[in-house]
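> Sequences and hints are given; from them, build the entire structure.
Sequences listed follow chains R and F, in order. Using this note's numbering, you'd call the opening residue of the first sequence number 1 and step up by one each time. Using this note's numbering, you'd call the opening residue of the second sequence number 633 and step up by one each time.
Worth flagging that the hints you see were computed from the coordinates, not collected in a lab.
Once the Cα atoms are required to be at most 27 Å apart in a straight line, the calculated DSSO-like pairs of lysine-lysine come out as:
no., chain 1, residue 1, chain 2, residue 2
1, F, K909, R, K416
2, R, K539, F, K909
3, F, K1269, F, K1019
4, R, K238, R, K416
5, F, K711, R, K470
6, F, K711, R, K626
7, R, K415, R, K238
8, R, K415, F, K925
9, R, K499, R, K238
10, F, K925, R, K496
11, R, K415, F, K909
12, R, K585, R, K45
13, R, K416, F, K925
14, R, K165, R, K128
15, R, K599, R, K165
16, F, K711, R, K499
17, R, K496, F, K711
18, F, K711, R, K614
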Amino acid sequence: MSEITNTFITLEEMEAATNRLLETAAAVGADTWQQRVKNQTPHCKFGEEGICCRICTMGPCRITPKAPRGICGCDRDGIVGRNYLRFTAGGAATHSDHGRNIAHVLYLSKDGGDYQVKDPEKLIRIAKEWDIETEGRDIYDLAHEVAETGLMEYGKPFGIQRFLKRAPEVRQKVWHDAGIEPRAIDREVSQSMHMTHMGCSSLPEALVRQSLRAGMSDGWGGSMMGTEFSDVLFGTPKPVDTNANLGVMEEDMVNIIVHGHDPSLSEMIVFYAQDPEMVALAKEMGAKGINVAGVCCTANEVAMRHGIPMAGNFLQQENVVLTGACEAIVVDVQCIFPALGPLSKCFHTKFVTTSPIAQMPDSDYIEFNEATAGENAKKIVEMAVRNFKNRKPELVHIPQLKTNATVGYSVEAIKKCLDGVTNSHVDEVNTMIPLIQCVKSGVLRGAVALVGCNNPRVRHDYAHIELMKKMIANDIIVIVSGCSAQAAAKAGLLSKEAKNLCGEGLKRVCELVDIPPILHMGSCVDISRMMILAADIAKDWGIDICDVPVVGCAPEYMSEKAVSIGNYVVATGIDTFLGVNPYTKGGPAIEGLLQGSIKDWVGANFTVELDIEKMGDDMIERIEEKRVALGI
Amino acid sequence: MGLFQTVFRGSDEMYFKAEEELNKVIAELGEDAPMTMPDTAYFLACIYAYLGQKVTTLGELKTALASIRAMMTRDNRTKSIFDSGVATAMAAEVIEATKYARTPTPYEGTQYHGHFSDAEVRELGVPLVTRDIPGFVVMIGPAPSVEEAVDMVKGYQSRGIFVFMIGGIIDQVHSAGVNTGFGVRCVPVGPDIWSVGHVISLVTRATMIFGATEPGDAQAFHDYTMARIFAFVNAYAPVDDIVVACGAGAIKMGFPVITNDDHDPTWPVPKSLIVYKDTKDWIETSLEARDIKIKITNIDIPVAFSSAYEGEIIRKKDMRIEMDGSRVDCVELVQTKEPHEIEDHRITLEGPDFDQFEVGEKIPIAYIVDVCGKSMQTDFEGVFERKFHSFLNCIEGVMHTGQRDMIRIRVSNASFDAGFRARHIGEVLYAKIKSEYDTVVDKCQVRIYTDPEKVKELRAEANHTFDQRDERLKTMTDESVDVFYTCILCQAFSPSHVCIVTPERLGLCGAVSWLDAKATNELDPNGPCQIVPKSRMIDERTGRYEDVNEAVNKYSHGALEQVTLYSIMEDPMTSCGCFECICGIEPLSNGVVIVNREHVGMTPMGMSFSELASMTGGGVQTPGFMGHGKHFIASKKFIKAEGGLARIVWLPKALKEQIAERLDESAKELYGIDNFSSMIADETVCTEDPEELLNYLTEVGHPVLGMEPLM
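Pasting the structure below:
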């Protein structure tokens, strides 16, 4: 890793680095997403507008002015609405299944085992919330009961999600009245599939309502469990310093890149990369040691718990291989390009798939089993280490871009930071009140949750970085997760130095609280943390979440998970701005609901705005409107 | 409603008042009339600091006011309230300045202090650095009751916090007979909120003097004050818009505001604007808000003990008893003993106690402090003794002056009535020696004597010790020691200044001699005084050492590359700003003029202390100007490279008298000149005309006239 760190890195510098790596790609004849985007352009217009239906084999049906209905008679809004619901259900299923896996790991945890309870306090807190007896119990006994209770949330025949009670009462009532309180998680996914089956729902209101409910089962169900149980198992994040961008890869070390989402694999890889036996082996192979770095949300998970550096986000997964210095790219689930298989073959890189959920051609498949996790992880690390000697020196080029970042602002950590500015004579601790005071006085105008992926439809990271800069310059504090968080980290915006890009109000807050202006809250599954944060703010303020001057934004999103997230964020009462259309343009009634009248149900809705500059202005305006409504 | 709108209204109010007052005074005196604040080299300091404008006429003040108005923007962003707040403070300075445009003493005959002189600002340097003054409070408005006002002020004083009062609280504390003034660190600034301009003026000047901040670089001032000036505001309800606007400025500068005015729910801002109804609990709340930690020394005496009382003067009419070394036998002494000879914390009194003397009687006293410790060295005895003055002065109602056998101590009626007796002197000395020198003093006892015969005997013994010490000090030259020391005690305020302390050149503040530095280094090996070897001399004439250069470079963090020890022209030593004296070259006579901080008049260089002092400070190297301690003047190393102390052509009379004996001795030794001090001019000879000075020097045959030109 280069000793020098850059305070800030511009988009242009990052693009120049990518261009240099693409030269390597051309030299070795590798395929890249940049090329594949060209191959796929122009995209199918019917698909883009969401008006292509292939749910039954009578079609595919496509809506045109001359053919306004499908063979079954479904109109454009029915088709768009079904596609939208299925998209949401896909995301909800994915996130929630991630949560389920973590719950299983929690169930397997044991004293002295590969997986242990690292935050018993949090476990007890959750148990109490769920009315599980905690007094005098063995912590693992308790962990297993909590895990089992959590797992039952996926399939319980009756009742609604337990975590909904975390919201302010007024919000719980909104959900009840709107009929979107999620029941068992699997049931909401199943029902979504059922509703969209041939010959079921085509009523826009019904499809959108179920989208919100399926999203809720993710955000206040599966994702929230994923987050909470990960904290119990691996520790609740607290501020930790790390580095970001491709310069974190080390020329003279074994580089293992972890990629995906599920921390139960990456935690083990990190552990075994420090194993003296493995380090000794690396030295034997001629390397100085073993360097683990992350890509995508796995990077967020290990960065915020161990300070493992973040090499890049979603659209940089090929770049790490193109450095020629990647001994292994080890993946778990979600957002992994199948392209990594053929790409790795152009280099010495081992592409290691580990999950039955994400199996790909041209990979070394080492199935990662939670019961034999340590053994599996060690084998993977060893494979990477032994691969060091196969590096082709003439292909090695690591762009010397590296920033400092402070990450790991869980809700618990944020409260602790806020405690630092309370006065023991005047204030209570462990509340959101200091933050609320800053917003009420106007020192901060509000907050923006910037989340989501990268998408070649938007210049890579441009929207994330530009919007962040604009928000902080306007005294709006930003919370980030997922690939948005990495965009911030790569540009230097997660460093405390970034206070110098802020308006005076946010700058002062950063100085007093000793935080960066953009708070890293974790991976995409951790957007559930943001929901808890918003709920706690609303509760401490005594208002509903939809009244708090906060908006959400996913300017470069691409996945089904992101759409599921959008649904639960809006359902939670937070206006959400999207920089990419969720394939709904062809359904005016659906758009009318999503971008309009669902506000009557949940107090918030979507705005789709492809002009990033304008989107920023609109977000600020929305925040100011909410301030006016509050009389502040 | 709303904090922002309140600030905007308040800053408008201050601006319009400033405009009105300025127009009035311009109508009276005209735009060309001079506009100067007395005893300062920093013009209207707030305007100079934040805008970089040097106001010298009322017309220029008008221009400045236009710039102030331009800063009062009205966006709903914090920048606007911050800028408007700082502009409000400047507008306050304008209002106050209009008073000084008419007379240099507008507050004469009132209970208010008004403008602070540069000398006063500089006087704060050392106590701020040593944290004897851990912070400042600006108290605005009347407290809920007179009793509470007094309790608060005394509470702050007892913690060493410097109190500035504005408005109704002043009448409150005066009605209760509280002694106020710069000396007791409790200043009634002015009746109106705009007198806060004087406080901010003091703050900005401290920043320029100690921080070498560039006038006009407003952000640099804010960064400095936020990081290094531990001030805060207590504003009693009802808090008007105009006070809130000033508060916004204070918060921008890094000073939190604590108030009990809770009518607007948008006000509280963490660590910045704290709304708290329990006014009686404000002291601790405020200290926490500004992160001020008070080092508490619990001393078992019946009166308060705080640096706030250090400047307290006990007048004859308030005095119960006096120990006067000029009339009766008195002596103070530290002695190193063997451990078995000392019982820790034993305080004995031999002779009658204070209550056994007549009221107003002059009594003899001797107090001998016996210490022991593995790392104790006899060289430290004098170092500890020199601290007695400040230790005893911190006692409420006790005044101490002088040293050795020429001391004078007065005890006030009030403190006597509170039960203050002889043994309490022992308690204070014991507690302070043990807390400040805990790494070298293991055990300490104090013996106090008031029996005339015994004191006489002890005085004679002590004088023998003093003679021995003086003998040793005389032989202690820069050549006779192996190492010098750095002193970076001031870096809390003056981050790029480094003092090099040698036996023949003490620290410029006058408070750190080579022995002090040595003791400090022994006490805290990683502390402010670090050893500088002197093995690699480059130039003997100027006192240039490779080792010294490396040290200043390292400890100034690269701000300074080289200094000489004995030259004022070639890489002179820098200063933090709290120097006792400033020396500058006088071109006509080829000599140097030295002026001490206390001297308020002009010098033949056409500049006052303040103006001369502003030429250097903050770690800036300015050839031809040099800050130094009083005792350096008679040193044989004083500007040795330029020919030495024979260059001195002018000194304030009081300073000259203070150092005459040693100065004459050195001159005799160096040049064979008798009675050299009489050849040096002072303000009785000439005040600001260099021609007059030259005539005098010619008349008395001053040696400088035969020396090489300085430039």
